[in-house]
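Colleague: In the order they appear, the protein sequences are chains X and B.
My numbering numbers the first residue of the first sequence as 81 and each following residue consecutively.
My numbering numbers the first residue of the second sequence as 81 and each following residue consecutively.
What the hints contain is simulated information worked out from the structure, not anything from laboratory work.
Warning: the hint list may mix true and false statements.
Here are the simulated lysine to any residue pairs, SDA-like style, with alpha carbons at most 25 Å apart [to be verified]: (1) B/K197 - X/R216; (2) X/K102 - B/P168; (3) X/K102 - B/P164.
Number of protein chains: 2
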Amino acid sequence: MKLYTYWRSSAAWRVRIALNLKNLSYEHAPVHLVRGEQRSDAFRGINPNAVVPALELDDSRVLTQSLAIIEYLEERHPLPALLPADPPRRAEVRGAALLIACDIHPLNNLRVTEYLKGRLGHSQEEAVAWMQHWMRAGLEAYQRSIDSAGRFSFGDAPGLADLCLVPQLYNARRWGLDLAGLERLAAIDAAAAALPAFQAAAAAAQPDTEPV
Amino acid sequence: MKLYTYWRSSAAWRVRIALNLKNLSYEHAPVHLVRGEQRSDAFRGINPNAVVPALELDDSRVLTQSLAIIEYLEERHPLPALLPADPPRRAEVRGAALLIACDIHPLNNLRVTEYLKGRLGHSQEEAVAWMQHWMRAGLEAYQRSIDSAGRFSFGDAPGLADLCLVPQLYNARRWGLDLAGLERLAAIDAAAAALPAFQAAAAAAQPDTEPV
């Protein structure tokens, strides 16, 4: 399998964690988002939506959207499970993952801040305040949506929601979000950081990682 | 089951279609988004994220996030299926649904346009141009992501992706998006509009529908 990825993309990062947890090897195909490589004709031929991640299967089919890719990996390689077995519990885990994937992350994407700063003429400070606003509201809701105890968001093993949380917390710290009151999330992040699958998926550990 | 819903909410609308297609009865619990009822303490006790939909099960558990709710309905009531059986094909359908649910809809939500017009001082025209920008780019990518023929996005029966497409096209028309070049999507929308499950789920047919 070949993963089209970018070191700092939260969505690609989620898939990297899933691949690592399931011990699946893959080829890195970096797409430099800041240089705009995702908008090239070549990459649009792979993903018409011009975003990463995209996962090219060994039969050349291409899957897009991080959560669709992870559900595919879960169906094809069920263990270790990223979703519990009980349907309402699965819905809770998926709901928490989607809270990040739909209600936080898309608002803070590079293309969105580019629109705010470019077409709408906002300053970097205004763009950062925008990002912090959605991250804070979303992460507070996330913390109220998960189990009140446990090493991870739902139970003692990492699951789909944690795969979304960890890259989102990297972004939160990157953009200076005050994490006061979100100590449960910071504790989950620390538990994840102790696991090799999360370490190898981190922004700082990619073949295309750049000096910060 | 009780569905917390708002007549014009695209996300609630997706769940209404799924419930109808699977012939499941439910109680309507309207939450008036424009009046801000979703931000009341009472509703935050149901969904801490202060958005609709939320589905209260008969055992009082509450599920949130439209796609998590629909996956739950699919697991509990498999027929008619909203996802195909083959894993890569399931990923394609989920990927198209997520393209709308993550990359179009969250950017055009009421709370986002409220921020643009309130805190950032933009005009209604600028907010509409913003919405049109993300809808146009996303719908073009959606059209390139689905099957090139068939009554619906993937095959001749409605599926998860169509449940996301139909409310998004209502929004596109509401905000004056030029749909030139998106004729395949308009044809899918017309096929859906002929089905009672879609008719009963439409914004115009809800108990809380208001005159336009």
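Colleague: Now, for every hint given, state plainly whether the structure supports it.
Modeller: Comparing the hints with the structure gives:
| no. | hint | in the structure |
| --- | --- | --- |
| 1 | B/K197 - X/R216 | holds, 20 Å |
| 2 | X/K102 - B/P168 | holds, 17 Å |
| 3 | X/K102 - B/P164 | holds, 24 Å |
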